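Participant: What follows is each chain in one-letter form.
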Amino acid sequence: MEKKEELFKKIKDALVNFDVETIKKATLEAVQMGVEANEVVDVMSEGMEVVGKKYESGEYFVSELIIAGETMKEALAVLEPYMGGETANKLGTAVVATVAGDIHNIGKDIFVTLMTTAGFKVIDLGVDVPAERVLEAVKEHRPQILGLSALLTTNLEQFPIIVKKLKKEGLRDTVKVIIGGATITKEYAQATGVDGYAKTALTGVDICRRWIQGNRS
Amino acid sequence: MTGMTETFDELMAVYEGREGRGVVFQPRIKHWYDVNLAAGTLPKKYQGMYVDEVYQDLGVTPREVWGPGGAGSEFAGYLPLQTKEGDDVEVWVKQTHGLFYETEPHDYIITEYRTPVGTMRQIQRRTEYGTSLYNVEYYLKDLKDIEVYKYVLRERKYLWKRLRYSWGMKRYGDNLPLRVQLPRSPLMWLMVGTMGFQRTVIMLWRHRKEMEELIRLLEEEFEKMLEVCQGKAIIELSFGDNMHQDMCSPPYFKKYIIPFYQQLMPKIHAMEVYTTSHWDGFVKQLLPLVKETGLDGLECVTPLPQGDVTLEEMKEGMEGMFLRDGIPAVLFCPWIDLATLEEHVRKLLKLFYPRLILGVSDLLPANAEIERIRFVNKIVQEFNESL
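Chains A and B, in that order, are what the protein sequence lines are. Following this note's numbering, the numbering of the first sequence begins with 161 at its first residue and continues without gaps. Following this note's numbering, the numbering of the second sequence begins with 4 at its first residue and continues without gaps.
This is chain B alone, in the form it adopts within the complex:
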């Protein structure tokens, strides 16, 4: 059941809510691989291997292969739509670092959007070993920046990446249903990506009208994206929300997230496409609300001891939905005993099958024990054989 050829049907069974021949285990090991490669600490047997060879050795399947890659993305990354900016929007980028895995504290990636109504600027840094990026300065700092962003959005178009799509279909199209990555829902997009959490909260409090105008404009972007997705062989659209109740509280969720999804879901489902959202934070107070969104599944919901929910609470809150992942990343770390990991995996399989694509919530940590992936895979094989 762990071979690549069987996974397509099994994954479709999860989407469609029917029993397949077993559970697919898709841990995301790229972060572990990248950091250990850069730090020179890959286990000897994996030195000189590509990450897909490590997947093969462990007997587990990768998750996605269509995208263009990028910092922290799995394999080549999830297939996103290509953004095309307006003719009078100039995007200026300066990278002050040299080798990505040898960044210094003063190394930055500076991006400016220069438009006829003004300029907005973002400054990012790479994390240690260069495997991910974080914001030192967000694009949106005040009302003036919001006006620039609104101009950028109004001029923006989206394109289907035909070449990358064809490449992915040739390489993995028989094994993995095509998933396309969409941005976070508008409020989370602002909180995590373009304005920062605290500023978004304060701006919503002080400048509600201007902020809600921007949120409406961001919602319209998804209409443009859906048009581009029409008629393509997409099975799943995935919203990279990074949902966390400490950022998006239940009142925010009710006011900004549920209406956004409720407006979009009928259009997506009419395209016969399934939907998921990435929930990688504390979600206990949000789970009772998730069904109102109309989403088909959730990715990365993180149970105790790392998250704040029990498996039973997840099961209850996600009734009728499927789960991707479900093993807290910390259980792969050496200070947690194997019996705890085994108990968790067996319970997860029992509770969620057949609506489960097993994985790590959310990435395998760099200091994890890689052999624990093989350990979990054996439990999955036993479970599948017992069906």
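So here's chain A without its partners, still in its complex pose:
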């Protein structure tokens, strides 16, 4: 049987290269030799960070992020019987939605995948989500992060509506709100009353991670 470090390298490399068979085999070997499932998930997260860096440098594209996510799902399925009900929400909880009237899901979905692998528990509300449903989810899940997306300029007005509703319910100070979408400018984000905005999903994840780590330090 291979050493733990060698298996970890194999898992990480297989994720970066989308090698499903190798990652499944190495993951199974790791847990069978007594490695904690959470430790294997951490290795996968490191692999996803490499994928993210390759995306930022222009070597990988959104399609590769999706394929990496699929590869990881296959490996997580192998791990599932060994997880013992553990959840990978070490960083906190995020509620994510594309706002009402807008059905663009690509940026939102990538953000969800990257947030999950970064260690957040993500509640994905989907697309075309009315403000009331966003509010209900914040009440129910008490997230640290609320991520909202809109591509169309016609739907940008949903952001201040949601912020206003959060304030009215006394929830605004309990959650950091981040928005994303191609038509959002810095000036618009500032005027909307949210805490941050991101042009790419990766930047968004970085901001969220910094918020949480900042709170803890």
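Treat the hints with caution; some may be incorrect.
[As the list claims (entries may be wrong)] Here are some of the chain A residues that sit facing chain B, going by a computed Cβ distance under 8 angstroms: (1) 217; (2) 221; (3) 261; (4) 317; (5) 320.
The set of hints was computed from the structure by calculation and includes no laboratory data. Keep in mind it's a predicted model, so treat the numbers as computed, not measured. Idealized CB from N, CA, C, for every residue including glycine.
With chain A fixed as given, assemble chain B onto it according to the hints.
Facilitator: Leaving out everything else, chain B in the frame of chain A:
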């Protein structure tokens, strides 16, 4: 220069790459009109007017008038070819909504293609105010659906819409060169229209052979369409690609888009027809590759702050090609100051004339200030007078 009678020659000058008498401004305002009409928020002066009367009031020209219309399409829409399905392909449609502008969350448009080899199904919803459609469920969900689609495509024919064409020629034929709308190139057709982006990526990864077979079959559809277009008074064939590098990455572009266009362009150019493609997403990484396609122009390329390219990058990437549009839609929204809009338009005119048909990239937003159209038109008039 903004009158309808001059536009034909000026637009032909853009296609042919020669200097005309000035720039034509063709903003697409139909979406703004439709949403505000449905929401009851049209400015008072435009209440009770048809959209062509609003165009006239603003002193700008519409873009296209030949098509059959449809959700979100400009005027009567762009003239497409009529699809005729095979004799044993039954198309079943159920619309659960009532008035299109009063749709409820549970209202759907369900379409099924029923064939001897199986059935494929799509579910769509209308957006708020009913001005556009989006997919809740795509036709192609697995390999079984692909087999059904392949059957549909093999049996499919295309027809020239003689009646609609004649109507358009009578109404606008002296003013607007005829543009015919073709579908997206095969990969974009799958990503945007029939399979969805994520599923297309995953299926190409897991089932490359089957997917590439389907892509080849979709490419053959364009051969059928070109046959129908032969000998007609078409000036431009426009591919509705909705190109976006986050969907179609440079490797996909090189593998599936460039070969598709390279195969088709000589045939289209032999018909003395110009070609464009609709690029309305982030395109910085694709612009350096576009010349390899052989396309004559690009529609809707969206510069910063909405898109991801500067005007200079657009100019460099599109060397030898013409641009239709170029003003980011967001610049028409009230939170952007007028000086920013003016600066952008003046720079765009300076950089791209005479290879420019000015317009909004891509539609005037519903929450835009309509008077900004008049503002831009004045800048265009000044520019044209200075020539």
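Participant: It remains to establish, for every hint, whether it holds in the given structure.
Facilitator: Evaluation of the provided hints:
1. 217: violated (12 angstroms)
2. 221: Residue 221 of chain A check passes; min Cβ-Cβ to chain B is 3 angstroms, inside 8 angstroms.
3. 261: holds (5 angstroms)
4. 317: holds (7 angstroms)
5. 320: It is violated, given that the least Cβ distance between residue 320 of chain A and chain B is near 11 angstroms, above 8 angstroms.
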